[in-house]
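A.B. asks: These are the residues of each chain, in order.
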Amino acid sequence: MLPLGTELLPVSLERTPVIEAYKKDVDRTLLRENLKLSTEQRVEKMLAALRLVEELHRARRQAAR
Amino acid sequence: MTDFQRLLEALTRGGVEFVIIGGFAATAHGSAHVTVDLDVVYGRSADNVARLAEALRPLSPYLRGAPPGLPFLFDADTIGRGLNFTLTTTAGDLDVLGEATGGGTFEALLPRSIVRQVFGLDCRFVDLETLIQLKRAAGRPKDMERIAELEALKDEG
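Chains A and B, in that order, are what the protein sequence lines are. 1 is the number of the first residue of the first sequence in this note's numbering; add one for each residue after it. 66 is the number of the first residue of the second sequence in this note's numbering; add one for each residue after it.
Read the hints as simulated data drawn from the structure, not as lab findings. Keep in mind that this is a model prediction, so the values were computed, not measured. Among the clues, some could well be false.
Under the rule of at most 25 Å between Cα atoms (straight-line distance), these lysine to any residue pairs were calculated in the SDA-like manner [what the hints assert, rightly or not]:
id, chain 1, residue 1, chain 2, residue 2
1, A, 45, B, 112
2, A, 45, A, 57
3, A, 24, B, 67
4, A, 45, B, 167
5, A, 36, B, 157
6, A, 36, B, 98
7, B, 207, A, 28
8, B, 219, A, 41
9, A, 23, B, 67
10, B, 207, B, 99
11, A, 24, B, 157
Using the sequences and the hints, build the whole thing.
C.D. replies: What follows is the structure, encoded as structure tokens:
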């Protein structure tokens, strides 16, 4: 088994123009609502959205037949 | 659809030492994105590798995207000879990583993790700052939007 390191490689966390540009499009209202929830509630909310996405995919497949 | 609860139950009840990274960790930190698989970094000790193999055995892990019928057995020997595995299981897609990009081994991530309860289980998630660091280290163009969201979460937190 290969020996592995115990330290993360140094990565710059400086602000970059690309990420700052993407940040302008982040919907912070969604994030603020999520931050009011417990971890368990955040996961449940994501799973509900995932179920909806899966259902839409299923409906699209069915419509294509 | 990935059954996150079943995957996490298998790992935690099997006594596997692991840290959750990726999209599911982002969800735990408040991300509004949907994620379709579970990414974990596991400890590489021989005992833990054996626990990982045993915990996942009932879920019939197989290499994701590989043609069916390959003689693939996700046992301690296979895990020991490999490092990172992208798996499909009967509970959905699971990435088990010995090391995430940027040097993210279990030992490196352990002090940078937090325990939160999900599905009634105590699960260990990489902290937000380190999640951003891992995403930045990966340097993938597709991650830029996610990094921006995670950094916004950090600003809001």
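A.B. asks: Give a verdict on every hint.
C.D. replies: Tested hints:
1. A threshold of 25 Å between alpha carbons decides the hint, and for residue 45 of chain A with residue 112 of chain B the separation of about 35 Å lies outside it, so the pair is violated.
2. Annotation: proposed proximity of residue 45 of chain A to residue 57 of chain A holds, straight-line Cα distance about 19 Å (limit 25 Å).
3. For the given pair, residue 24 of chain A sits about 31 Å from residue 67 of chain B by alpha-carbon distance, which is inconsistent with the 25 Å threshold.
4. Using a Cα cut-off of 25 Å, the hinted pair residue 45 of chain A and residue 167 of chain B is violated, with the two alpha carbons roughly 30 Å apart.
5. With a C-alpha separation of about 29 Å, the suggested pair residue 36 of chain A and residue 157 of chain B falls outside the 25 Å cut-off, and the hint is violated.
6. For the hint pairing residue 36 of chain A with residue 98 of chain B, the CA-to-CA distance comes to about 16 Å; that is within 25 Å, so the pair holds.
7. Of the pairs offered as hints, the one joining residue 207 of chain B and residue 28 of chain A holds, with about 20 Å between alpha carbons and a cut-off of 25 Å not exceeded.
8. Pair hint residue 219 of chain B plus residue 41 of chain A holds up; C-alpha atoms about 19 Å apart against a cutoff of 25 Å.
9. With a C-alpha separation of about 29 Å, the suggested pairing of residue 23 of chain A with residue 67 of chain B is violated against the 25 Å cut-off.
10. Proposed proximity of residue 207 of chain B and residue 99 of chain B is supported: the alpha carbons are some 14 Å apart, at most 25 Å.
11. At most 25 Å may separate the alpha-carbon atoms for a hinted pair to count; residue 24 of chain A and residue 157 of chain B exceed this at roughly 34 Å.
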